[in-house]
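J.: Using the hints, position chain B against chain A.
What follows is the residue order along each chain.
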Amino acid sequence: MNSWIDLRAVWEIVVVGLLCGAGLPALFAIGMRALGSHKKGQLVAAGSDDLVGGNPAGIAFAVLCFAIILAAVGFAIYIIVISGHPK
Amino acid sequence: MSSNDIVLALVIITGLSFDFTNGFHDTANAMATSIATRALSPRIAVGLSAALNLVGAFLSLSVAATIASGLVETGLVTLTVVFAGLAGAIIWNLITWFFGIPSSSSHALIGGVIGSMLAAAGSHAVKWQGLVSKVIIPAVLSPFIAALVAATGTYLVYRIARSMRERARGDAFRIGQIGSASLVSLAHGTNDAQKTMGIITLALIANGTLAAGASTPVWVIVICALTIAGGTYAGGWRVIRTLGKGLVEIESPQGFAAESSSAAVILLSTHFGYSLSTTQVATGSILGCGLGKKGADVRWNVAGRMATAWILTLPSAGVMGAISYYIADGIGGTAGIVVVLLLLIAFSTVIYLRSRATKVDPENVNSEWTGTVAPPEAATEAA
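Protein chains in written order, with the numbering used here: chain A, 1 to 87; chain B, 1 to 383.
Fair warning: there could be bad hints in the mix.
Some, not all, of what chain A presents toward chain B, calculated at C-beta under 7 Å [unchecked claim]:
hint, residue
1, W4
2, E12
3, A29
4, L51
Non-contacting residues of chain A with respect to chain B, defined by C-beta distances greater than 10 Å in every case (computed) [claimed, not checked]:
hint, residue
5, L18
6, C20
7, G21
8, N55
9, P56
10, G58
11, A60
12, V63
13, A71
Source of the hints: derived by calculation from the structure; they are not laboratory data. Note that beta-carbon positions come from the ideal geometry of N, C-alpha and C, so glycine has one too.
Just chain A, same shape as in the assembly:
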């Protein structure tokens, strides 16, 4: 670390930032796509805009994605709280 720029902190923010700030939204998108998926051969009415498709495996996978995201957010808040009240 030099005295003008904290390269280590910048580097950490960029890498972890990409992982959480871009990776988690991507996971959310994957979950949403899975949630709306349909079973093979399932007839879908034209113009169906439902968020939830009829595929149980898709729904289960979506729930897993959302659970990971919620866990990550919960963990982040936990870290902020415990490091913010030094005792």
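T.: Leaving out everything else, chain B in the frame of chain A:
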């Protein structure tokens, strides 16, 4: 009540006024994109953001009192210096709000305090290296980091969701937007409410009410948290409009990616102790979500105006802080502070009345962007 106590009370009131401007200036950081894509109605958005700012202010105390130490020689700080610095910061916040520019309230505060410190004690009272390494370099880096994260997120989200029907996709990411915007509001509370707490604590120490190195009293935490939440609820509609409609035309997947990027970068910067301006991160993210989507237009002239305002923020708030100090110190004592306070109230009233003429409110905040902060009357009626 001695005259010192009166001065202290005036400084605390001025500090809370700054906290309030900080709140409404920054509502846009969390909520501009959600309002623009109609994920949330304008009034619900500011209400939610205010509540989460309030909660956030109690979550962490790590940033409090760091604003001054490391930037100025705290031993030389007097109540008048703190007061004049706050006055400078408020003036600059009001000017930038009037023009709908999302500038950093932290920079305004730092600029104001440094300006009044220079006026009071000269350049040896300012830690210049601290200013460059803790404020200026992070300020230059933060929009780029945020834009990179948001552009990457936007690109990934559109790629993954391209097979989704347009309406389902819109609905899906509006839900995501509410979550990510809430997280930005929470992060804003943990960051920005702390700054006024730090300044008021500094004033209490300068007055001898608290011992040097004392931690922030609970009543200071509570009133600062309530004030910033109140400011957030007031909603800086002019800034919300520039960020939500002016910079980029935003769809819900973009807004979602932008807010996720802001939340992650702000929380990480708090965690790694590398303080970044929430405003610059949020603006960088919104710019990035325009860059990450093919065919999205970024209005570079709007971005350029913001960048200019950012460069001007430290020196301008500094000049205002210095002028406030010269007036207050020139007249001297309690009278000097009262005169500056009256001038400040007069200035705020003029700005407020002028803003009424070109009003931006929850009704017209989403009108088509035609190059001005306040939409023309006709557009307001059409919307």
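J.: Any of the earlier hints contradicted here, and which numbers?
T.: 5, 6, 7
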